[in-house]
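Visitor: If you want the building blocks of each chain, they are given just below.
6 protein chains.
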Amino acid sequence: MTAVCPGSFDPITLGHLDIIERSTYIYDRVVVGIADNPSKAELFSLEERLDFTKEALKNLAKVEVLVFRSLLVEFAQEHGAKVIIKGLRAISDFEHEFQMAHLNKRLDNTIETVFLMASPECMFLSSSAVKEIAAYGGNISEFVPSGVEARLADKFLKD
Amino acid sequence: MTAVCPGSFDPITLGHLDIIERSTYIYDRVVVGIADNPSKAELFSLEERLDFTKEALKNLAKVEVLVFRSLLVEFAQEHGAKVIIKGLRAISDFEHEFQMAHLNKRLDNTIETVFLMASPECMFLSSSAVKEIAAYGGNISEFVPSGVEARLADKFLKD
Amino acid sequence: MTAVCPGSFDPITLGHLDIIERSTYIYDRVVVGIADNPSKAELFSLEERLDFTKEALKNLAKVEVLVFRSLLVEFAQEHGAKVIIKGLRAISDFEHEFQMAHLNKRLDNTIETVFLMASPECMFLSSSAVKEIAAYGGNISEFVPSGVEARLADKFLKD
Amino acid sequence: MTAVCPGSFDPITLGHLDIIERSTYIYDRVVVGIADNPSKAELFSLEERLDFTKEALKNLAKVEVLVFRSLLVEFAQEHGAKVIIKGLRAISDFEHEFQMAHLNKRLDNTIETVFLMASPECMFLSSSAVKEIAAYGGNISEFVPSGVEARLADKFLKD
Amino acid sequence: MTAVCPGSFDPITLGHLDIIERSTYIYDRVVVGIADNPSKAELFSLEERLDFTKEALKNLAKVEVLVFRSLLVEFAQEHGAKVIIKGLRAISDFEHEFQMAHLNKRLDNTIETVFLMASPECMFLSSSAVKEIAAYGGNISEFVPSGVEARLADKFLKD
Amino acid sequence: MTAVCPGSFDPITLGHLDIIERSTYIYDRVVVGIADNPSKAELFSLEERLDFTKEALKNLAKVEVLVFRSLLVEFAQEHGAKVIIKGLRAISDFEHEFQMAHLNKRLDNTIETVFLMASPECMFLSSSAVKEIAAYGGNISEFVPSGVEARLADKFLKD
Numbered sequence: 001m002t003a004v005c006p007g008s009f010d011p012i013t014l015g016h017l018d019i020i021e022r023s024t025y026i027y028d029r030v031v032v033g034i035a036d037n038p039s040k041a042e043l044f045s046l047e048e049r050l051d052f053t054k055e056a057l058k059n060l061a062k063v064e065v066l067v068f069r070s071l072l073v074e075f076a077q078e079h080g081a082k083v084i085i086k087g088l089r090a091i092s093d094f095e096h097e098f099q100m101a102h103l104n105k106r107l108d109n110t111i112e113t114v115f116l117m118a119s120p121e122c123m124f125l126s127s128s129a130v131k132e133i134a135a136y137g138g139n140i141s142e143f144v145p146s147g148v149e150a151r152l153a154d155k156f157l158k159d
Numbered sequence: 001m002t003a004v005c006p007g008s009f010d011p012i013t014l015g016h017l018d019i020i021e022r023s024t025y026i027y028d029r030v031v032v033g034i035a036d037n038p039s040k041a042e043l044f045s046l047e048e049r050l051d052f053t054k055e056a057l058k059n060l061a062k063v064e065v066l067v068f069r070s071l072l073v074e075f076a077q078e079h080g081a082k083v084i085i086k087g088l089r090a091i092s093d094f095e096h097e098f099q100m101a102h103l104n105k106r107l108d109n110t111i112e113t114v115f116l117m118a119s120p121e122c123m124f125l126s127s128s129a130v131k132e133i134a135a136y137g138g139n140i141s142e143f144v145p146s147g148v149e150a151r152l153a154d155k156f157l158k159d
Numbered sequence: 001m002t003a004v005c006p007g008s009f010d011p012i013t014l015g016h017l018d019i020i021e022r023s024t025y026i027y028d029r030v031v032v033g034i035a036d037n038p039s040k041a042e043l044f045s046l047e048e049r050l051d052f053t054k055e056a057l058k059n060l061a062k063v064e065v066l067v068f069r070s071l072l073v074e075f076a077q078e079h080g081a082k083v084i085i086k087g088l089r090a091i092s093d094f095e096h097e098f099q100m101a102h103l104n105k106r107l108d109n110t111i112e113t114v115f116l117m118a119s120p121e122c123m124f125l126s127s128s129a130v131k132e133i134a135a136y137g138g139n140i141s142e143f144v145p146s147g148v149e150a151r152l153a154d155k156f157l158k159d
Numbered sequence: 001m002t003a004v005c006p007g008s009f010d011p012i013t014l015g016h017l018d019i020i021e022r023s024t025y026i027y028d029r030v031v032v033g034i035a036d037n038p039s040k041a042e043l044f045s046l047e048e049r050l051d052f053t054k055e056a057l058k059n060l061a062k063v064e065v066l067v068f069r070s071l072l073v074e075f076a077q078e079h080g081a082k083v084i085i086k087g088l089r090a091i092s093d094f095e096h097e098f099q100m101a102h103l104n105k106r107l108d109n110t111i112e113t114v115f116l117m118a119s120p121e122c123m124f125l126s127s128s129a130v131k132e133i134a135a136y137g138g139n140i141s142e143f144v145p146s147g148v149e150a151r152l153a154d155k156f157l158k159d
Numbered sequence: 001m002t003a004v005c006p007g008s009f010d011p012i013t014l015g016h017l018d019i020i021e022r023s024t025y026i027y028d029r030v031v032v033g034i035a036d037n038p039s040k041a042e043l044f045s046l047e048e049r050l051d052f053t054k055e056a057l058k059n060l061a062k063v064e065v066l067v068f069r070s071l072l073v074e075f076a077q078e079h080g081a082k083v084i085i086k087g088l089r090a091i092s093d094f095e096h097e098f099q100m101a102h103l104n105k106r107l108d109n110t111i112e113t114v115f116l117m118a119s120p121e122c123m124f125l126s127s128s129a130v131k132e133i134a135a136y137g138g139n140i141s142e143f144v145p146s147g148v149e150a151r152l153a154d155k156f157l158k159d
Numbered sequence: 001m002t003a004v005c006p007g008s009f010d011p012i013t014l015g016h017l018d019i020i021e022r023s024t025y026i027y028d029r030v031v032v033g034i035a036d037n038p039s040k041a042e043l044f045s046l047e048e049r050l051d052f053t054k055e056a057l058k059n060l061a062k063v064e065v066l067v068f069r070s071l072l073v074e075f076a077q078e079h080g081a082k083v084i085i086k087g088l089r090a091i092s093d094f095e096h097e098f099q100m101a102h103l104n105k106r107l108d109n110t111i112e113t114v115f116l117m118a119s120p121e122c123m124f125l126s127s128s129a130v131k132e133i134a135a136y137g138g139n140i141s142e143f144v145p146s147g148v149e150a151r152l153a154d155k156f157l158k159d
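Residue numbers (the working numbering), protein chains in the order written: chain A, 1 to 159; chain B, 1 to 159; chain C, 1 to 159; chain D, 1 to 159; chain E, 1 to 159; chain F, 1 to 159.
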């Protein structure tokens with residue numbers, strides 16, 4: 001069974017890593033899809049996001065990292081995935097993901113969205129919180145892979 | 001009893017239609033108010049929104065479609081409405097609508113906000129989700145009136 | 001337009017009164033229905049609940065107080081009501097009421113459930129909280145009609 | 001991949017059926033576990049629940065129906081399941097399931113709980129709502145398998 | 001500043017311990033109040049609860065453990081406390097605690113309820129979940145103080 | 001005990017005032033911190049916000065008003081505060097604040113975030129709602145200190 005795990009990964013956090021790693025225990029192949037959404041203003045370029053996401057996941061043999069510019073269900077179809085994986089941290093995640101899961105079901109009802117609960121130590125983590133802390137020079141080493149930590153420091157020094 | 005049913009309608013979806021039609025069964029007259037809010041960046045111009053909203057509602061005899069540029073309670077007062085109708089889909093709707101209902105009550109306590117639950121098949125629908133799917137060329141025919149479908153296709157082809 | 005406003009009213013609180021009074025401003029006739037549900041263990045007997053609910057609402061000319069032992073939609077049908085009124089205080093109310101509204105819609109789709117938001121000063125009020133405070137001899141005069149206050153005192157003295 | 005899908009099934013509803021059927025599309029084998037929890041007062045006996053659950057699922061080739069009297073993770077271990085499947089309807093489900101998923105992870109961290117969203121038309125369905133409607137003689141044919149409908153009628157006639 | 005920290009403690013969990021210990025860092029004296037509520041069916045007797053709660057907290061010098069049979073605000077008044085401490089784990093906690101905080105404020109507006117967030121590793125812990133796991137013989141050593149673990153084992157062996 | 005109470009105060013509302021005043025009853029010193037966050041587009045300049053916040057709080061002897069440009073935990077450390085105070089109005093506040101409280105705890109685990117519930121009459125108030133009403137010329141005198149009312153009128157006349 002192939003599953004896709006989509007996101008912006010701007011940047012990837014230890015919360016994303018946790019969900020992706022746990023997915024590899026229950027699916028044969030996990031295709032991580034980095035969304036190239038021109039209408040979203042990301043801190044990191046698509047190339048940077050692809051780069052550090054691949055680096056962070058390089059030890060997970062069942063994982064591939066790819067970019068997608070289409071509807072999520074089309075991305076899943078292309079890769080033969082019948083499952084979309086999403087992590088849930090909180091109520092607001094739940095509501096938005098619930099909406100997206102139903103819309104995706106209407107667009108292709110052969111693809112199921114399955115949800116995994118964020119681990120307790122990752123429930124408070126988000127890419128945007130990590131960026132805010134980094135912007136003020138706070139220590140983010142417990143929140144992101146080491147490669148991302150250095151890049152965030154660069155990003156905010158340059159600015 | 002006259003009720004107003006306000007919104008941005010950018011664009012109108014089948015979820016809006018459902019709430020408005022159900023409102024006509026319990027109120028004598030339903031004034032649909034399209035908010036002209038200059039601080040919100042809408043995809044469709046006010047004229048376009050007025051146009052396709054009128055078209056979508058043309059078979060509902062008790063419904064009028066108007067634009068408003070004032071506080072919602074002033075719009076209700078102008079049209080002799082004692083009721084504001086809002087659809088509720090989810091928890092985040094609930095919270096925001098709850099806040100607005102109380103503020104409006106403080107601004108004019110003779111006007112009541114009444115809430116109708118979205119129908120199950122419309123609970124996952126929102127104007128923004130529809131626009132996102134259309135932007136990627138996805139099929140939105142089950143989510144919006146046919147007039148809106150064509151216009152969304154135009155909008156994203158032009159861009 | 002006739003509306004029904006159902007509940008256990010065990011006992012009626014100022015929160016119930018607020019919703020019922022506001023309902024009379026937007027409906028021609030409000031039938032308050034006291035549920036006679038043998039499987040629920042109520043503090044007050046059906047007779048007591050009917051008695052103090054009538055007393056509390058006696059000055060509202062458009063209101064009738066009745067008992068019902070059937071499905072809520074059947075009670076509404078019997079009284080020619082196309083509207084069921086419910087007050088919403090909080091998220092947990094919202095969820096339960098949402099479920100009930102959809103089920104009732106499936107049982108009779110010509111009847112709409114409309115929701116009014118509890119007034120800010122009533123958002124923390126519930127019959128069960130009032131009973132708990134009264135059980136410890138706390139002052140409940142700001143939470144219930146005066147007739148109910150005396151009866152609650154009696155109830156807990158007797159016990 | 002084997003998955004377990006636990007519940008009280010008192011009685012099984014079309015909402016349960018929907019989740020179980022969708023599970024068979026993404027797992028090789030789905031073990032439905034009926035909890036024998038002596039501290040819960042169920043309407044139907046364990047035998048009745050086993051009986052109508054088997055009947056309702058008899059056309060799903062990948063599904064087995066069993067009773068369990070142990071911790072859920074032990075039931076999963078016994079059957080070689082690495083996945084526990086739960087349906088999510090609403091926020092209160094979410095919270096409770098979130099708690100259970102984390103506790104189960106602490107008891108055996110090799111077993112993942114995955115969540116599927118209830119289909120829109122099943123979001124308002126619950127065993128307890130179905131029982132309440134049946135108790136008042138309401139029509140439940142759209143909510144439960146036909147075998148359950150007859151048994152519920154029996155149950156409430158007998159009482 | 002004296003604070004009271006009320007609860008049933010049936011039994012005390014590591015989640016309670018975490019909130020109480022953190023409270024001692026920001027208040028001079030923390031009075032832990034065990035509610036003696038005759039209408040609640042507890043697993044452990046009041047004496048047992050007093051006993052293991054005292055034992056679990058014996059190393060916290062600023063903490064006293066007492067029983068109360070009155071309204072919480074009266075218990076706070078008796079001990080000169082201007083603060084009631086509550087831990088928040090989740091949305092349903094939030095709603096119930098919000099209601100109680102407002103009612104208590106109405107009963108005595110000189111007493112403030114302050115909320116501390118449960119630590120991530122305790123967010124899924126509750127006395128009732130612990131009891132359920134123990135009832136099935138599951139390992140609860142990571143969830144409760146060691147004294148409680150032994151007593152729970154006894155309780156369920158005896159039964 | 002010193003507490004910090006951070007915010008954007010764009011503008012300060014009676015809801016902020018309520019939380020800050022109640023904080024002075026349970027802490028010896030309350031440092032109100034106005035966030036200077038260059039990435040947020042505020043209506044009022046930092047100088048204006050400092051000015052009207054000081055004016056609104058001038059009668060509260062235990063309160064100091066300062067600007068901060070660092071991480072919140074660093075601001076707390078600088079002022080010897082072991083407590084961060086936040087007001088909670090609703091579920092969405094809860095979720096965001098929960099996330100921030102945990103992140104701040106990870107950045108400095110000697111500092112506790114404590115939450116106070118908004119008073120019922122302030123639960124629907126927010127700086128953004130006040131600005132929206134003022135933009136349409138609505139009456140905001142019940143929502144903000146008098147100094148802020150005049151400045152908001154100026155702001156929207158000038159525009």
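Rather than coming from a laboratory, the hints here were simulated on the basis of the structure.
The beta-carbon is built from N, C-alpha and C at its ideal position, and this holds for glycine as well.
Keep in mind that the hints are not guaranteed to be accurate.
Non-contacting residues of chain A with respect to chain B, defined by C-beta distances greater than 12 Å in every case (computed) [said to hold, decoys possible]:
hint: 1; residue: M1
hint: 2; residue: Y25
hint: 3; residue: A61
hint: 4; residue: E95
hint: 5; residue: A101
hint: 6; residue: R106
hint: 7; residue: E132
Cross-link-like lysine to aspartate or glutamate pairs, in silico, EDC-like; alpha carbons within 20 Å at most [claimed, not checked]:
hint: 8; chain 1: D; residue 1: K105; chain 2: A; residue 2: E48
hint: 9; chain 1: E; residue 1: K82; chain 2: E; residue 2: E55
hint: 10; chain 1: B; residue 1: K105; chain 2: C; residue 2: D18
hint: 11; chain 1: C; residue 1: K105; chain 2: D; residue 2: E121
hint: 12; chain 1: D; residue 1: K105; chain 2: E; residue 2: E142
hint: 13; chain 1: B; residue 1: K131; chain 2: A; residue 2: E21
hint: 14; chain 1: C; residue 1: K86; chain 2: D; residue 2: E64
hint: 15; chain 1: D; residue 1: K58; chain 2: D; residue 2: E74
hint: 16; chain 1: A; residue 1: K131; chain 2: F; residue 2: E132
Visitor: All hints are to be evaluated individually against the structure, with a verdict given for each.
Guide: Consistency of the hints with the structure:
no.: 1; hint: M1; in the structure: holds (25 Å)
no.: 2; hint: Y25; in the structure: holds (30 Å)
no.: 3; hint: A61; in the structure: holds (31 Å)
no.: 4; hint: E95; in the structure: violated (5 Å)
no.: 5; hint: A101; in the structure: violated (8 Å)
no.: 6; hint: R106; in the structure: violated (6 Å)
no.: 7; hint: E132; in the structure: holds (22 Å)
no.: 8; hint: D:K105 / A:E48; in the structure: violated (34 Å)
no.: 9; hint: E:K82 / E:E55; in the structure: violated (26 Å)
no.: 10; hint: B:K105 / C:D18; in the structure: holds (13 Å)
no.: 11; hint: C:K105 / D:E121; in the structure: holds (12 Å)
no.: 12; hint: D:K105 / E:E142; in the structure: holds (12 Å)
no.: 13; hint: B:K131 / A:E21; in the structure: violated (33 Å)
no.: 14; hint: C:K86 / D:E64; in the structure: violated (42 Å)
no.: 15; hint: D:K58 / D:E74; in the structure: violated (25 Å)
no.: 16; hint: A:K131 / F:E132; in the structure: violated (29 Å)
Of the numbered hints given earlier, the model fails hints 4, 5, 6, 8, 9, 13, 14, 15 and 16; all others are met.
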